[in-house]
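**Student:** Chains as they are written, first to last, in the numbering used here: chain G, 3 to 371; chain X, 8 to 145.
To be clear, the hints were calculated from the coordinates, so they are not data collected in a lab.
Possibly wrong hints are sitting among the right ones.
[Claimed, not checked] Computed spacing ranges between beta-carbons, pair by pair: (1) G/294 - X/107: 21 to 31 angstroms; (2) X/89 - G/347: 35 to 45 angstroms; (3) X/139 - G/347: 16 to 26 angstroms; (4) X/11 - G/306: 32 to 42 angstroms; (5) X/53 - G/353: 23 to 33 angstroms; (6) X/134 - G/324: 24 to 34 angstroms; (7) G/38 - X/89: 40 to 50 angstroms; (8) X/24 - G/8: 41 to 51 angstroms; (9) X/134 - G/293: 46 to 56 angstroms; (10) X/22 - G/202: 21 to 31 angstroms; (11) X/139 - G/365: 39 to 49 angstroms; (12) X/34 - G/7: 33 to 43 angstroms; (13) X/134 - G/286: 27 to 37 angstroms; (14) G/21 - X/11: 15 to 25 angstroms.
[Said to hold, decoys possible] Computed, partial: chain G to chain X, Cβ under 8 angstroms: (15) 27; (16) 29; (17) 102; (18) 108; (19) 115; (20) 117; (21) 292.
These figures come from a predicted structure and were not determined experimentally.
Quick reminder that beta carbons are idealized off the backbone N, C-alpha and C, glycines included.
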Amino acid sequence: MTELRPSERELLNAFQAGEARALARAISWVENARPGFERLLSALHDRVGRAQRIGITGPPGAGKSTLIHALAQVVRGNGEQVGVVAVDPTSPFTGGALLGDRIRMTSAAGDDGVFIRSMASRGSVGGLATTSREVADLMDAFGFERVFVETVGVGQSELEIAEAADTTVVVLTPESGDSIQAMKAGLMEIADIIVVNKADRPEAARAAGELKTILRIRQGKAFDRIPAHHGVDLSEITRRKLAPGSGGEPSSTAGEAAEASGAEAKEWEIPVLLTVAQEGEGIDGLLAVLDAHFEWLGRSGVLEERRRQRLLERVRAVVDRGLRTRVWREGDGEAILERARADLESGRRTPYDVAGEILGALGPGSGKG
Amino acid sequence: MSERKIRVLVGKPGLDGHDRGAKVVAAALRDAGMEVIYTGLHQTPEQIVNAAVQEDVDVVALSILSGAHMTLFPRVLKLLQEAGVDHVLLTGGGIIPSEDMEKLQVMGVGRLFGPGTSTSEAVDYIREWFAEHRAADE
Chain G
3 MTELRPSERE LLNAFQAGEA RALARAISWV ENARPGFERL LSALHDRVGR
53 AQRIGITGPP GAGKSTLIHA LAQVVRGNGE QVGVVAVDPT SPFTGGALLG
103 DRIRMTSAAG DDGVFIRSMA SRGSVGGLAT TSREVADLMD AFGFERVFVE
153 TVGVGQSELE IAEAADTTVV VLTPESGDSI QAMKAGLMEI ADIIVVNKAD
203 RPEAARAAGE LKTILRIRQG KAFDRIPAHH GVDLSEITRR KLAPGSGGEP
253 SSTAGEAAEA SGAEAKEWEI PVLLTVAQEG EGIDGLLAVL DAHFEWLGRS
303 GVLEERRRQR LLERVRAVVD RGLRTRVWRE GDGEAILERA RADLESGRRT
353 PYDVAGEILG ALGPGSGKG
Chain X
8 MSERKIRVLV GKPGLDGHDR GAKVVAAALR DAGMEVIYTG LHQTPEQIVN
58 AAVQEDVDVV ALSILSGAHM TLFPRVLKLL QEAGVDHVLL TGGGIIPSED
108 MEKLQVMGVG RLFGPGTSTS EAVDYIREWF AEHRAADE
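Model the full assembly from the supplied sequences, consistent with the hints where possible.
**Tutor:** The structure is reproduced here in structure tokens:
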């Protein structure tokens, strides 16, 4: 990486001196892909990796912002510095965005120890903005102990957060119940912790119970912990069936034995917690579980593995971004496209042909593809 | 590829709870392609300036219907300057007599908009200000 330019050096110095304004400006550079932003990120890279990154995701209105606000207040009370990246959607029609997550974080918003940055998704469809990860890096490098990343309100397929966060919390409400089945394939698969928020509403306990059942089915423990049913204790039957020498499948037996012999560290059992974020209920419990998960991540080696993966993924993303810049902004991509436009519209040339010319302008390919 | 978006903080300082106007303006700015950070009701000047710093906005737009504009605008302006945020446009609207608007503008507040202003006027004003003051320095 080349030397920093004077303006970049100046910003870096202010950033390292802990000036909030410098962090804010650095985020803008990254968000706007201002020339030099990658040099800045590179210069800060060795300071990244100390914070716990907590992803907060879930459907719109589940209470994600309010939950972060409640958590931030508690950890602030413990003297921690907290960063929040809150993503809201950009309109695909106007390019504008209304970023309203701060409304739910009011008292935190007046507190210097909580740095909240609202980001518009700007065309990205994975639940985050394209640069949210790098903004989280900046907050991490700035020295925040925890960085919360709040996704846009998600449905089933906005799952980028799982790759961006150390710990992913999926926030649902008691009313999410009916859609939980549908969510199994997406949202439920990325959760490290599930929170049923607004648990003062009816049916909260039932919703939590259903969630636990779904989780157990996924873990292949569908018949565990089922109470005596029509006078028969199903869990007792399953246990007997799987016990050594009783004709149970050998693989299951091996699996159980492994679990019994302390392989527990390898498995994180996804907890389902009840909170009323608005009232601060259940927040201490959630925080304890967040800490426990982070501790487990470190102990099991999963954190290191995830971070190794993230490094590789970051290189790919930066190369992709650089290639786009090289083709469309610095290179002849747009010019070639403009020249080919009439031929394209009249059908004399195909999109594949024109794309080939644009890619060819980058230099000869390896021919491997 | 990277189009520089205009970022605007829309806030309601002080005690008046009438936020329809602020919401209408926020929606109009959004529809004009801007990124609008809406901070909600009952914000202190300190909270607003803190948010403006963290969000690195280009424009702070305040809605004040309580009559406290001669206190709140100067206070926000002073706090912005103290925070070293001197590149931001402070503008807004509400029930503000024209002589007060003039006084505030002398202090360094931008144009202020009264009742009956069309939202496109505010949009144009912000766009022109941005083109003149900010677009070049990024």
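**Student:** Hints first: check each against the structure and report whether it holds.
**Tutor:** Hints, verified against the model:
As the Cβ distance of residue 294 of chain G to residue 107 of chain X is approximately 57 angstroms, the hint placing it in 21 to 31 angstroms is violated. Separation of residue 89 of chain X from residue 347 of chain G is about 57 angstroms and departs from the stated range, judged on CB atoms against 35 to 45 angstroms. For residue 139 of chain X and residue 347 of chain G, the hinted distance range of 16 to 26 angstroms is not satisfied, since their beta carbons lie about 39 angstroms from each other. Residue 11 of chain X and residue 306 of chain G have their C-beta atoms about 38 angstroms apart, which keeps the hinted 32 to 42 angstroms range intact.
About 55 angstroms separates the C-beta atoms of residue 53 of chain X and residue 353 of chain G, a value inconsistent with the hinted range of 23 to 33 angstroms. Checked against the given bound of 24 to 34 angstroms, the beta carbons of residue 134 of chain X and residue 324 of chain G, roughly 31 angstroms apart, stay inside it. At about 28 angstroms, the beta-carbon gap between residue 38 of chain G and residue 89 of chain X misses the expected band of 40 to 50 angstroms. Our hint of 41 to 51 angstroms for residue 24 of chain X and residue 8 of chain G holds, since their Cβ atoms are close to 48 angstroms apart.
For the pair residue 134 of chain X and residue 293 of chain G, the supplied restraint of 46 to 56 angstroms holds, since their beta-carbon distance comes to about 47 angstroms. Residue 22 of chain X and residue 202 of chain G have their C-beta atoms about 29 angstroms apart, which keeps the hinted 21 to 31 angstroms range intact. Hint check: residue 139 of chain X to residue 365 of chain G, Cβ distance near 41 angstroms, so the stated range 39 to 49 angstroms holds. At about 39 angstroms, the beta-carbon gap between residue 34 of chain X and residue 7 of chain G stays in the expected band of 33 to 43 angstroms.
Our hint of 27 to 37 angstroms for residue 134 of chain X and residue 286 of chain G is violated, since their Cβ atoms are close to 48 angstroms apart. For the hinted restraint 15 to 25 angstroms between residue 21 of chain G and residue 11 of chain X, the CB-CB distance of approximately 23 angstroms keeps it satisfied. For residue 27 of chain G, the interface hint holds, the least distance from its beta-carbon to any beta-carbon of chain X being 6 angstroms, beneath 8 angstroms. Against a cut-off of 8 angstroms between C-beta atoms, the interface hint on residue 29 of chain G holds, since the closest Cβ of chain X lies about 7 angstroms away.
Because the closest C-beta pair between residue 102 of chain G and chain X is about 5 angstroms apart, less than 8 angstroms, the hint holds. With 8 angstroms as the threshold, the beta carbon of residue 108 of chain G comes within range of chain X, its nearest partner Cβ sitting at about 6 angstroms, so the hint holds. Of the supplied interface hints, the one on residue 115 of chain G is violated, with its beta-carbon coming no nearer than about 11 angstroms to a beta-carbon of chain X, more than 8 angstroms. Evaluation of the residue 117 of chain G hint against chain X yields a held restraint, the C-beta minimum of about 6 angstroms falling below 8 angstroms.
Residue-level restraint check for residue 292 of chain G is violated (minimum Cβ-Cβ distance to chain X is 23 angstroms; threshold 8 angstroms).
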